[in-house]
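As they're listed, the protein sequences go chains A and B. So for the first sequence, this note's numbering puts the first residue at 272; every next one is plus one. So for the second sequence, this note's numbering puts the first residue at 896; every next one is plus one.
Just to be clear, a hint being listed does not mean it is correct.
[To be verified] Reference listing, derived: stretches of chain A covered by chain B, where coverage requires no fewer than 3 residues with Cβ under 8 Å from a Cβ of chain B:
| hint | segment |
| --- | --- |
| 1 | 277 to 286 |
| 2 | 313 to 319 |
| 3 | 326 to 337 |
| 4 | 350 to 358 |
| 5 | 365 to 378 |
[As the list claims (entries may be wrong)] Derived Cβ-Cβ restraints for the label pairs, each shown as a range:
| hint | chain 1 | residue 1 | chain 2 | residue 2 | range |
| --- | --- | --- | --- | --- | --- |
| 6 | A | 406 | B | 911 | 39 to 47 Å |
| 7 | A | 394 | B | 914 | 52 to 60 Å |
| 8 | B | 908 | A | 411 | 25 to 33 Å |
| 9 | B | 985 | A | 412 | 29 to 37 Å |
| 10 | B | 985 | A | 402 | 17 to 25 Å |
| 11 | A | 411 | B | 952 | 18 to 26 Å |
| 12 | B | 969 | A | 343 | 28 to 36 Å |
| 13 | B | 1090 | A | 416 | 48 to 56 Å |
| 14 | A | 446 | B | 955 | 47 to 55 Å |
| 15 | A | 398 | B | 904 | 20 to 28 Å |
| 16 | B | 955 | A | 414 | 30 to 38 Å |
| 17 | A | 343 | B | 1027 | 28 to 36 Å |
None of these hints come from the bench; they were simulated from the model. The C-beta atom is built at its ideal place from N, Cα and C for all residues, glycine as well.
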Amino acid sequence: MERSLTLIALFAALIAALGLIPKLTLAFGVPITAQSLGVMLCGTVLGARRGGLAALLFVALVLLGLPLLAGGRGGLGILATPSVGFVIGFPIAAFFTGFCMEQMPRMQVGWAAGISAALGGILVLYFFGIFGLMMMLQKGPVEAAALVVAFVPGDIIKAILAGVITAGLARARPASVLSRLQ
Amino acid sequence: MISLTSPVETAAHRWPAGAKLGFLCGATVVLFAVQGMLLQAVFLFVLLGLYAAPGRQFLRVGMQRLWVLWPFVGLIAVWHLITWDIAVGVVIGLRMITAVGLANLVTMTTRLEDMMNVVRWLCAPLTWVGVKPERIALAMALVIRFTPVLSGKGKMLTLAWRARSAKRVGWRIVLPFAVLAIDDAEQIAEALRARGGL
């Protein structure tokens, strides 16, 4: 019980800290926020339930007024910005990532984590993100999707990294990769 | 850690947080129901008045926080100039600025403790399904305490990287970063158990 709670809390803090580190250059010299990488790791490391709760905790604190989103943003105003879908989608994306991870217990950790991160952290997250853009900007699905398509390559890189990092964690701290413990 | 609450004390700081949130919900519903350009402009004008009332510093910080919307405003402007649908574009833009500004106003005039009390009140029914609100409060406190700790450790990792490499700091520090977070979590869990557990 204590472990679940502290792991959930520390992974929420990890999402926040990844957003605070100034520009992490991921690959090809593209500076992208590592925040959504944190969301993917919640799912791949902690599994569906705990990973989803960690991301939910993070989003709750952002809405309460802590400047934890990348760029020091936060507060209730996030709910009225066009990017609301991406923030609200964080817990669901983490949950779905963890859910996929738990469906592939036999696959190598790195591969399973990479695939899960792509399904949860890209497919599910963009679904909510595009829906938010459609609502807030009053545009159709195609127009809204066109606005975010430029970010997909960066997120594919993040999904691959989530796989590599989760595989590393499974070697470094196998007992803490809860998505692999039954 | 610094929260987004304004240090400039306003009368609204003393209003009950629940009432402010309730009003915000109601006002946002109205904003999205009203389609008239003139009314939306009036709303924005009133909002700017509210920002200006507590003084220059409050206004400046408030406007800085609204500035993040400019890419979206620019996007809407370009879009609706191309489709020649200007009236609709103006309404969407005005409404977005007012809605975000109003919500930011509540955040700027409500202390974190007051927000937490509202959360505690909202979470109270969860006791029926076996979730203890104290645990949620503890988890939130842990995040608030450990975000600066972790980000400090992240900065140490970037320094260590810079000391050893001429290349820019890359994704490779995320793995040790996550290991540090996991180790902290395990140690806090042990400390909680040693003190009688949850």
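- [ ] Hints the structure violates: just list their numbers, smallest first.
- [x] As far as the earlier hints go, 2, 5, 6, 7, 8, 9, 11, 12 and 15 are violated by this structure, in ascending order.
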